[in-house]
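Peer 1: Residue numbers (the numbering used here), protein chains in the order written: chain Y, 4 to 257; chain D, 168 to 408.
Since the hints were derived computationally from the structure, they do not count as laboratory data.
All of these numbers come straight from a predicted model, not from anything done at the bench.
Keep in mind that the hints are not guaranteed to be accurate.
[To be verified] Just so you have them, the derived chain Y footprint on chain D, three or more residues with Cβ under 8 angstroms:
1. 218 to 232
2. 235 to 247
3. 252 to 263
4. 268 to 278
Idealized CB from N, CA, C, for every residue including glycine.
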Amino acid sequence: MSMATEAILLSVAMAVAAGLVGSFAVMRRMALAADALSHVALPGIGIALALHVHPLVGAVAMLFFGALLVWALEERSRATTETVIGVVFSAALALGSLMTTGEDLIEALFGGAGVLNSAEIAFGFVAAGAVVAFMITQRNRLIVMLVSPDVARTAGIDVQQLNLLYLQVFALTIALGLRYLGVLLMGALLIIPAATAKRWARNLNGMLAVAVAVAVGATAVGTSVAAWAHRETGPLIVTAAAAAFMVSLVRRPG
Amino acid sequence: MADHQDRVTRADEVVEVSHLSIRFGETRVLTDLSFGVARGTSLAIIGPNGSGKTVLFNALIGSIPFEGEIRWAPGIRIGYVPQNLDLERDIPITGLDLLRARATLARESEANVSRALGLVDVSPDVAGHPIGTLSGGQFQRLLVAFALVGNPTVLLLDEPTAGVDEPGQERLNELVGRLQHDEGLTVLFISHELTVVYRYATSVLCLSRGQGCLGPPRAILTPELLNEMYGTPVDHHVHGD
Chain Y
4 MSMATEAILL SVAMAVAAGL VGSFAVMRRM ALAADALSHV ALPGIGIALA LHVHPLVGAV
64 AMLFFGALLV WALEERSRAT TETVIGVVFS AALALGSLMT TGEDLIEALF GGAGVLNSAE
124 IAFGFVAAGA VVAFMITQRN RLIVMLVSPD VARTAGIDVQ QLNLLYLQVF ALTIALGLRY
184 LGVLLMGALL IIPAATAKRW ARNLNGMLAV AVAVAVGATA VGTSVAAWAH RETGPLIVTA
244 AAAAFMVSLV RRPG
Chain D
168 MADHQDRVTR ADEVVEVSHL SIRFGETRVL TDLSFGVARG TSLAIIGPNG SGKTVLFNAL
228 IGSIPFEGEI RWAPGIRIGY VPQNLDLERD IPITGLDLLR ARATLARESE ANVSRALGLV
288 DVSPDVAGHP IGTLSGGQFQ RLLVAFALVG NPTVLLLDEP TAGVDEPGQE RLNELVGRLQ
348 HDEGLTVLFI SHELTVVYRY ATSVLCLSRG QGCLGPPRAI LTPELLNEMY GTPVDHHVHG
408 D
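Chain D extracted, bound-state conformation (with noise of 0.2 angstroms):
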């Protein structure tokens, strides 16, 4: 990524993309898009099924071929929770043995393990235990845990609420929050829950047809636009705020 970083960004903004557009043969997913986001505030990416929310992210790590340009403040280390995983959860290793195989690579200490562990509320416990046998919100969290140990400046996080219980994605809402309120962090979720991205956004970046629209979720999140982008009304899901 080294190369994204080497031109240097507006002051404040972590990252600045501008006129990136992605395609998969034929298909554009992604066409001219431009934004920023600026330190430590949080963005919610939002769109229906394919509109590429999650290949921005691809683009965003470096990990597909884009065309247009995507700037990253120097210095910026990303920690990313996907959310497709390669990992089956029937192998014997616990959490400790993921956050530890992390830690040494980013040449942090059992310290840092910890510490990462105590942010998500993970005990170290249930952290030693298989994988297999954690529910699915502290594995999402010992996920965000994962990221946190390489000490990241910017969160990307994919849908991290996906799969999980309800209660369980009050508490994972509330991390993210926390996140970015008390460690300073600079947040980039995908969600799919308008009543989090309400709550939580900083900022919104929706994405429709490969078009963006970026704004404070007040400004930006009309029916209209809900309308247009999801094709049915979605006042609905804004209960609760």
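Chain Y with its partners taken away, still in its complex shape (with noise of 0.2 angstroms):
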């Protein structure tokens, strides 16, 4: 297989892994944590460029350490969890913006075009495999979760774990991502198609199929666009997506 085909599968393993996490997010209402959650791999980025380490290396393990920060907030309030995402999130931003620079800050933020080596694509695949693992697996256990954790309870889920789980593996959707979106335009890529899922689907496997075939659709026409026009891939990814859910506005199945 060559580089430029493992490349195109990976961008739809990618696109695959958001589709399903990003529906459960919005059907949880985390959209606003998912979004935030992404920036904090700003500061891992800029940590391991420091250190002459792979900045995708830096960027997961900022990522599930604010998974883990995320979690640990929600088990004590969610009004708590907004203000503390708006304000440690922000300041993830803010301090990543001052620790990369210039080129790499760019590509941090936005994505790049760069060509993955075989490392990057290994761990792309490892990754996008054990996230859609996850999520097939663990449906039904989410599903009853989403009516209520104590209903969850009664029927022998580990509420507590689910959860960390399900936000650890939000975290290694949003590293999947980083190389084509950023941090500033990854999290778009797992709640517009859900959002969109959400207002044309009927029932579960539809929003399901609807948020993956818009993650995927997306990514498609931002890359194939992003060729043609010799211009950033991660914003034409996320303007499809947004124009799709544009649609979905205006046509709703009835």
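Taking the hints as your guide, dock the two standalone chains into a single complex.
Peer 2: Structure, rendered in structure tokens:
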């Protein structure tokens, strides 16, 4: 398989993961947290660059830490969570911007078109596989928890553990897309396709299918147009997804 | 909940609560509460707002810390219908999506989903619609079906008729009575409707100022006690009985 084919397959795998994980994020009303959480990757990238390690390592470490923080806060109260997310994750973005400069900063913020090395491709496929496997195997537990954590407990679900795992999977999905969309835009690929699906779908399978289709479609369109027009990929992917959402506002199935 | 089940209760009781106390910080919600629930009976829990009814349910399902002991009989399966849901009803999830997810977790078949829907009198066609399109009464009955899919032996219902119109309330109350009599379930329900308590409860647990009293409805629901519990005469609630 050529590197180009691998890169295309990887972006499809990333979009599938984003559609599945984002669907539950929207149904759990955590769109704000989702978007802000991606910002926390930036100081991780800055630290990694300063230490001369791969930026992805720093990004993943910080994202897992950010997910752990959201989880710990949600255990306390939702109101506190929103305030702290507003403060901590915006501060992370500011600090990260100070640590990173020039081309590195632009690429970290909006994603870049650079060639992926084999280690990045391997990480991408393993991470996407893990995310999709988690969403498929934990789907029923996530649905029951969506109704009520107390009901989930009576069904034998470890609610705290499942919440933490979901947030870590969420963080991993953001890490997957950083290369294409950057810390500012990856949150959008999780939320916009799912928000579109929420308007179009009539049941759970429909929601998941539409979210995945919009995420994959937007990634394909964005990547193709970027290659043709010699523009950055990330903004075009998000613009394509946003266009689908706008259509869903106008045309809604009865 | 396994640690609550390993000690044996009295033969005919599904749960035995002894010296249960719950506090949030400095505030004591329940103090030294003891009661048992006999198998196949229904226990109504009544009390003014803030008396700890929902908190008692939270303790029974093990979702909050408490002092004292709650001993469930071995092999008990709880079906819980909470009053407050995290679920927003504008999401594209159908009743069948919810029931099938619950059934799969409980390793129950599709037939059990149909049986639960039949018991609560919701047609598969209605259950196939997004939950946001269901009426208040239909949605509450769907939640009871959701609890029934796990094949429970005990049902915990937290004000199941709140926010439901009057004919819907009537159907729900009859449903709960039927589940107890025909299906042999033990039912614990929180209610503000004393008429319902008189008609459907085998015994009543009243909570007031952290203390409890227990007995059959006619013995326990005296005008004096109700007056003391709710602060105002409430006998007009029992009309129609």
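Peer 1: Hints first: check each against the structure and report whether it holds.
Peer 2: Each hint tested on the structure:
1. Residues of the stretch 218 to 232 of chain D with a Cβ under 8 angstroms from some Cβ of chain Y number 4, which satisfies the need for three, so the listed coverage holds.
2. Counting residues of the stretch 235 to 247 of chain D whose C-beta sits closer than 8 angstroms to any C-beta of chain Y gives 3, which meets the bar of three, so the coverage hint holds.
3. Residues of the stretch 252 to 263 of chain D lying with their CB closer than 8 angstroms to a CB of chain Y number 10, which satisfies the three-residue condition for coverage.
4. Against chain Y, the stretch 268 to 278 of chain D contributes 5 residues with a C-beta closer than 8 angstroms to a partner C-beta. That satisfies the three-residue criterion, and the hint holds.
This entry satisfies every hint, going by the numbered hints stated previously.
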